[in-house]
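Quick mapping for you: the protein sequence lines, in order, are chains A and B. Position 305 of the first sequence, counted from 1, bears residue number 305 in the numbering used here, the numbering being contiguous throughout. Position 268 of the second sequence, counted from 1, bears residue number 1268 in the numbering used here, the numbering being contiguous throughout.
Hints are not guaranteed to be accurate.
[Claimed, not checked] Subject to a maximum C-alpha distance of 30 Å in a straight line, what follows is the list of computed BS3-like cross-link-like pairs (lysine-lysine):
1) LYS1110(B) with LYS152(A)
2) LYS1224(B) with LYS1061(B)
3) LYS1088(B) with LYS1128(B)
4) LYS1061(B) with LYS1347(B)
5) LYS272(A) with LYS1128(B)
6) LYS1304(B) with LYS272(A)
7) LYS152(A) with LYS1088(B)
8) LYS1251(B) with LYS1110(B)
9) LYS1207(B) with LYS1060(B)
10) LYS1025(B) with LYS272(A)
11) LYS1113(B) with LYS152(A)
12) LYS1171(B) with LYS152(A)
13) LYS1306(B) with LYS1403(B)
14) LYS272(A) with LYS1306(B)
15) LYS1088(B) with LYS272(A)
16) LYS1347(B) with LYS1403(B)
17) LYS1347(B) with LYS272(A)
18) LYS1403(B) with LYS1168(B)
19) LYS1088(B) with LYS1113(B)
20) LYS152(A) with LYS1359(B)
21) LYS1359(B) with LYS1128(B)
22) LYS152(A) with LYS1025(B)
23) LYS1251(B) with LYS272(A)
24) LYS272(A) with LYS175(A)
25) LYS272(A) with LYS1072(B)
26) LYS1171(B) with LYS1110(B)
27) LYS272(A) with LYS1113(B)
28) LYS1207(B) with LYS1251(B)
Since the hints were made in silico from the structure, they are not lab data. All figures in this text were calculated on a predicted structure; none of them were measured in a lab.
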Amino acid sequence: MNRNVSRIFAALFGILAIALPLFAGDYPLQVARNIMLYMALAITWDMLLRSGQISFGIAGLFGVGAYAAILGVIRAGMPAWFSIIFAAIFSGVVAFAIGFLILRLRAMYFSIVTLALGEIFRIIIHNLHDFTGGPEGVVMQQGVIFGGSAGKLYWLTLAGLAVAIAASYWFEKSKIHFALTAIRNNEISAKSSGVNIFRWLLLAFVVTSAIQGLLGGIFVQSYGFATPDTVFSADFTLLPLAMALLGGVYSTRGPIFGAILLGLVSEWLKLKIPYGHLVVYGIIIIIVILFMPQGLKQLVRQPANKTDRRSA
Amino acid sequence: MKRMMLALAVFALIAGSAYAQGTIKIGGIWTLADITGKQGSAAAQMAVDEINAAGGILGKKLDLIVVDDEGKADKAAAAVEKLATVDKVDVFMGGMGSGAELGKIPAFKKYGKVVMSTGAAGSVTVEKALGPSPESDFYFHIHPWDYNQGASYAEGWDAIQKQYPNIKIRKIFLAYEEGAFGKSSWDATKILFGGDNRYIVDGASFKSALFGGGDYTSVLEAAKAFKPDLFLWAGYDADALPLLEQSKAMKFSPGIYLGAPPGWPIGFGSSKLSRNVMLYGMWSPAMNDNNPASAKFYKNYVAKYKEEPATYFAPLSYSAVYILADGIKAAGTTETAPLIKALEATKYASPLGETITFKPSNIIKHQGITRQKILQWQGGFQEVIWPFEAATAEPVYPFPAWK
């Protein structure tokens, strides 16, 4: 019964999300685009976290995808829509190549290397000045995709989010889930049970990186430019991480709820307290992480557990 | 019938007066966590209050609606959308960083309302993204582009050396932050100072303290080995004091020590390290002595906010509101085409010490200020050294050796 209700809610939510441009103005659509972008990044971060690997490399792969897309258009004359797919493929290939080196690392060593990767990518872009535009970045002369149509840009970002959600559910519902959970719980027992640890980690790393690259491609096509300071910004790592932690990790729903809540709160605070909203926003994140380490899921579970105990 | 006519006349009168009592909405977008945005928006509000106190424009009050762009492209785009569709503003103003400005440009183009831009000097990206006339005619860029600034510095140093023969510059070293701001400064310096072998130019980049850097040892070592007559750093306010501290520790004291951040740390002048450091800028409170517009702005700002304006973005934003108000008054409307035409005739005697007019730049049609100033910290105050017509003090040369 509960599962059916949640499916109906999910279907209604999906229909509402698709139909939003038919009745919402350009401002809510722009805010929704921003939220969906971070939501998709939060989901991809969580997907890799399910293997026990904490990555701080989201901004790095996002930036690689962003530059692949914009340079694909400027240097190779790719159509805008194809450059987004190219961004995903390119980031996936980069992740595949570096995955062979870094996926042998664990825990904080892996985290530190992924953090450094973002910085390395940024420095490479900085120094290939003639090709990438260097620190000043590059601009697409032909402007943004779809002529800047708010509705179409919204649907493009929604499509990127749909890819992330679909991949996340694939991870949740297929045998990948068992493999990643086994690796997270105990690598030695997973290995002795026949789980090919490196193969599953590589799959998770490449898939999540490809989606992050895809989102980078969508971002640059939506704004028509890329600069290292913008597309490699730490915000693309820290905000998704905060959203996933707020909503609750190891699931698709957690980052979705976290992103909606933080995204809306951030925008609301900005309008209500223009000169101090970032301080309040930071305090909210700290309080939630301190008192609800399992995220909003904890709020939902605690009353449910109490009800269960009472009925027992 | 007579009653009906009377009722209609009364209705028309009420409707007319209601229309006249309406507001002209200005949408202001700044990075409010930064001092340039905080003081820029405060100064713009002050100008709005002054204009409203004097009766408003076209019988209407001005209303400034401020939204924070957080220095991010996506937030900046959302700010434009909110102001255009929810608040239904008539014109836009504000801006500082090029990254956030690039996020706004697609939305600005979509709505085509007049924009009075007070920042975004990055010509390689922002000016290119705006495109040529008539596509970008709605955009009035008051702040100089990076190449305008470079050209004015070259002009200034030539003039200073001519005026003061004891100041001799042959070798210039530029320490630049590794981002877009620093890189564009380096590119401009190489061309404008290094071209035709006018000066021997060298440089090196550093990571700004604003972005997690703060160790300038290698760049200062390179500079010291180069023995420059003029040492220039292009970074942010967060770099000012640590750079000087490390220069002192390394006993690096070139003939001219010059900084070019967009704003200086509050209270920098009270530090002993600031002594005789030169700087690039547009405005200083020292100009109050010979510029009545500057004195009026300064007096009103301090009275209203109980703090000193610490960045030229304050008088720049203040000027932007007056230019918009004068343009709307002349055009008699906020409609884009007539307003553009009226703004093209702008001649505004600004607190920045120059009369602002709009002329074509390399790409866009409406460029305001093209010249910066060379100043020097003397006795805790910023004194203008060049242009000579705005000068408030003689330069102190050379930069004193560290004790």
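Hints and how they fare:
1. Using a Cα cut-off of 30 Å, the hinted pair LYS1110(B) and LYS152(A) holds, with the two alpha carbons roughly 14 Å apart.
2. Between LYS1224(B) and LYS1061(B) the CA atoms are separated by roughly 57 Å; this puts the pair beyond 30 Å, and the hint is violated.
3. Between LYS1088(B) and LYS1128(B) the CA atoms are separated by roughly 28 Å; this keeps the pair inside 30 Å, and the hint holds.
4. For the hint pairing LYS1061(B) with LYS1347(B), the CA-to-CA distance comes to about 23 Å; that is within 30 Å, so the pair holds.
5. A C-alpha spacing of about 34 Å is found between LYS272(A) and LYS1128(B), which places the hinted pair above 30 Å, so the restraint is violated.
6. Of the supplied pair hints, the one linking LYS1304(B) and LYS272(A) holds, its CA atoms being roughly 22 Å apart against a limit of 30 Å.
7. As the CA atoms of LYS152(A) and LYS1088(B) are separated by approximately 22 Å, the hinted pair is consistent with the 30 Å bound.
8. For the suggested pair LYS1251(B) and LYS1110(B), the alpha carbons sit about 54 Å apart, so the restraint of at most 30 Å is broken.
9. This hinted pair does not check out: LYS1207(B) and LYS1060(B) have alpha carbons roughly 49 Å apart, beyond 30 Å.
10. For the given pair, LYS1025(B) sits about 18 Å from LYS272(A) by alpha-carbon distance, which is consistent with the 30 Å threshold.
11. For the hint pairing LYS1113(B) with LYS152(A), the CA-to-CA distance comes to about 22 Å; that is within 30 Å, so the pair holds.
12. Distance restraint check for LYS1171(B) and LYS152(A): the Cα-Cα separation of roughly 54 Å exceeds the 30 Å cut-off, and the hinted pair is therefore not satisfied.
13. A threshold of 30 Å between alpha carbons decides the hint, and for LYS1306(B) with LYS1403(B) the separation of about 36 Å lies outside it, so the pair is violated.
14. A distance of roughly 24 Å separates the Cα atoms of LYS272(A) and LYS1306(B); the hinted pair therefore holds under the 30 Å criterion.
15. Straight-line distance between C-alpha atoms of LYS1088(B) and LYS272(A) comes to about 18 Å, which keeps the hinted pair within the 30 Å bound.
16. A hinted pair counts as satisfied when its Cα atoms are at most 30 Å apart, and LYS1347(B) with LYS1403(B) does not qualify at roughly 49 Å.
17. Between LYS1347(B) and LYS272(A) the alpha-carbon distance is near 37 Å, which puts this suggested pair outside the 30 Å criterion.
18. For the hint pairing LYS1403(B) with LYS1168(B), the CA-to-CA distance comes to about 24 Å; that is within 30 Å, so the pair holds.
19. With a CA separation close to 11 Å, the supplied pair LYS1088(B) and LYS1113(B) stays within the 30 Å bound.
20. Annotation: proposed proximity of LYS152(A) to LYS1359(B) is violated, straight-line Cα distance about 37 Å (limit 30 Å).
21. Distance restraint check for LYS1359(B) and LYS1128(B): the Cα-Cα separation of roughly 17 Å lies within the 30 Å cut-off, and the hinted pair is therefore satisfied.
22. As the CA atoms of LYS152(A) and LYS1025(B) are separated by approximately 29 Å, the hinted pair is consistent with the 30 Å bound.
23. Using a Cα cut-off of 30 Å, the hinted pair LYS1251(B) and LYS272(A) is violated, with the two alpha carbons roughly 49 Å apart.
24. Restraint check for LYS272(A) and LYS175(A): not satisfied, since their Cα atoms lie roughly 47 Å apart, outside the 30 Å limit.
25. Between LYS272(A) and LYS1072(B) the CA atoms are separated by roughly 19 Å; this keeps the pair inside 30 Å, and the hint holds.
26. Between LYS1171(B) and LYS1110(B), the direct Cα distance comes to roughly 47 Å. Violation of the 30 Å bound is thereby established for this hinted pair.
27. Distance check on the hinted pair: LYS272(A) and LYS1113(B) sit about 25 Å apart at the alpha-carbon level, within 30 Å; holds.
28. Of the supplied pair hints, the one linking LYS1207(B) and LYS1251(B) holds, its CA atoms being roughly 21 Å apart against a limit of 30 Å.
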